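Hey, can you work out the whole structure from these sequences and the hints?
Counting along the sequence shown from 1, when you hit position 217 you're at 306 in the working numbering, and nothing is skipped either side.
Derived from the structure by calculation, the hints contain no laboratory data.
Computed from a predicted structure; not experimentally measured.
Any given hint might turn out to be false.
[Claimed, not checked] Using C-beta positions, here's what the derived DEER-type ranges look like: (1) Ala187 / Glu138: 17 to 25 angstroms; (2) Thr130 / Phe209: 13 to 21 angstroms; (3) Phe209 / Ala188: 27 to 35 angstroms; (4) Thr350 / Arg216: 17 to 25 angstroms; (5) Thr130 / Gly262: 33 to 41 angstroms; (6) Thr155 / Phe209: 31 to 39 angstroms; (7) Ser313 / Thr133: 45 to 53 angstroms.
The C-beta atom is built at its ideal place from N, Cα and C for all residues, glycine as well.
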Amino acid sequence: MTSMAPGATVLVETCAGVAKGERVVVVSDQERLPIAEALQTAATEAGAEVEIVSSPRRTIDNEEPTVAVSEAMARADVVFLVVYHSLAHTAATRRAIAAGARVVSMSAFSERQMREGGLFTDFMARRPVCDALAEALGRAEEVRVSNPAGTELTMSLRGRPGNSHACVVRSAGFTAVPNIEANASPVEGTTEGTLVVDGSIPYYGVGVIEEPVVFRVRGGRVRSIEGGRQASFLRELLARQGDPAVYNIAQFAIGLNPDCTEFTGEMLNDEGIDGTIHIGIGTSANLGGVVQAKTHFDAVIRTPSVWLDGTPILVDGSL
Numbered sequence: 090m091t092s093m094a095p096g097a098t099v100l101v102e103t104c105a106g107v108a109k110g111e112r113v114v115v116v117s118d119q120e121r122l123p124i125a126e127a128l129q130t131a132a133t134e135a136g137a138e139v140e141i142v143s144s145p146r147r148t149i150d151n152e153e154p155t156v157a158v159s160e161a162m163a164r165a166d167v168v169f170l171v172v173y174h175s176l177a178h179t180a181a182t183r184r185a186i187a188a189g190a191r192v193v194s195m196s197a198f199s200e201r202q203m204r205e206g207g208l209f210t211d212f213m214a215r216r217p218v219c220d221a222l223a224e225a226l227g228r229a230e231e232v233r234v235s236n237p238a239g240t241e242l243t244m245s246l247r248g249r250p251g252n253s254h255a256c257v258v259r260s261a262g263f264t265a266v267p268n269i270e271a272n273a274s275p276v277e278g279t280t281e282g283t284l285v286v287d288g289s290i291p292y293y294g295v296g297v298i299e300e301p302v303v304f305r306v307r308g309g310r311v312r313s314i315e316g317g318r319q320a321s322f323l324r325e326l327l328a329r330q331g332d333p334a335v336y337n338i339a340q341f342a343i344g345l346n347p348d349c350t351e352f353t354g355e356m357l358n359d360e361g362i363d364g365t366i367h368i369g370i371g372t373s374a375n376l377g378g379v380v381q382a383k384t385h386f387d388a389v390i391r392t393p394s395v396w397l398d399g400t401p402i403l404v405d406g407s408l
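Shown next, in the form of structure tokens:
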């Protein structure tokens, strides 16, 4: 079997820029311990002080971690989140960044992803494209999105920053790997229309879409979820949270990794597929918004067209 060492080296050296003497915390669950150990070896070879912190499995994506995990994250220079349920959109991650940490999210990462695919793209070469799109999102006032499946959405980005998550972090901040993306958080209450998801919802075990999942959006919140088995599951899961904020339209993002090419149901593969967009629903506080919900998930659509203030930046999935 191919070693995970080359992938670990990419993550430690290229993505996080781990330096000699830095404190690195790898937050891991039991299932991903071999990945955590590969990262520990690579970071130790880079001269860092490395600690693997065990995270009890959460019940849903972006539920807060334990106090012990949160405190370890806040003490670190670099944090790798190698867990099944995402911790990206948690207050713990926000506190770690505020304390100066560089956070690399690897939610539901597989050993296959450590050995092949999007992790081995040229992140530095793709970074200028990601930065430029993030800047364009930060300047835009309105976004319109459509796709052949029937998506028609508009949202305001007025006053919201554009975020470049190019899988490279060199100062206090956040990136997820390998889903290169430019994103922004829509102004609360402004998203209107219909989102027809025909790609993937790589959270909660939903995965690659079998039958389109239709989200009806009004006043910045999902008002109904229609479709087949996957839509019913998601509708019931969100209702059980007892939190109206889980329906907030939290994020607009453009996937930009040319080596993420096929939907697999793996979160950080599907969200990075070049020429897709995803809409985040739930927590927006880590993206420039103000909503903290019990969860956050993303829904990916195929072959989108995107207009910023009336100017096309993506047409049928092509920049």
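Holds or violated: 17 to 25 angstroms for the Cβ distance of Thr350 and Arg216?
This hint holds: roughly 20 angstroms between Cβ atoms.
Using the C-beta atoms of Thr130 and Phe209, is the stated range 13 to 21 angstroms upheld?
holds (18 angstroms)
Consistency of beta-carbon spacing, Gly262 to Thr130, with hint 33 to 41 angstroms
violated (25 angstroms)
Per the hint of 45 to 53 angstroms, is the separation of the Cβ atoms of Ser313 and Thr133 within bounds?
Hint holds: Cβ distance 51 angstroms, inside 45 to 53 angstroms.
Does the hinted range 31 to 39 angstroms hold for Thr155 and Phe209 at CB?
holds (33 angstroms)
Hint check for Ala188 and Phe209 - Cβ pair distance inside 27 to 35 angstroms
holds (31 angstroms)
Starting from the hint 17 to 25 angstroms, judge whether the C-beta atoms of Ala187 and Glu138 obey it.
About 21 angstroms separates the Cβ atoms of Ala187 and Glu138, which means 17 to 25 angstroms holds.
Hint violations for this structure: number 5 only, all remaining hints satisfied.
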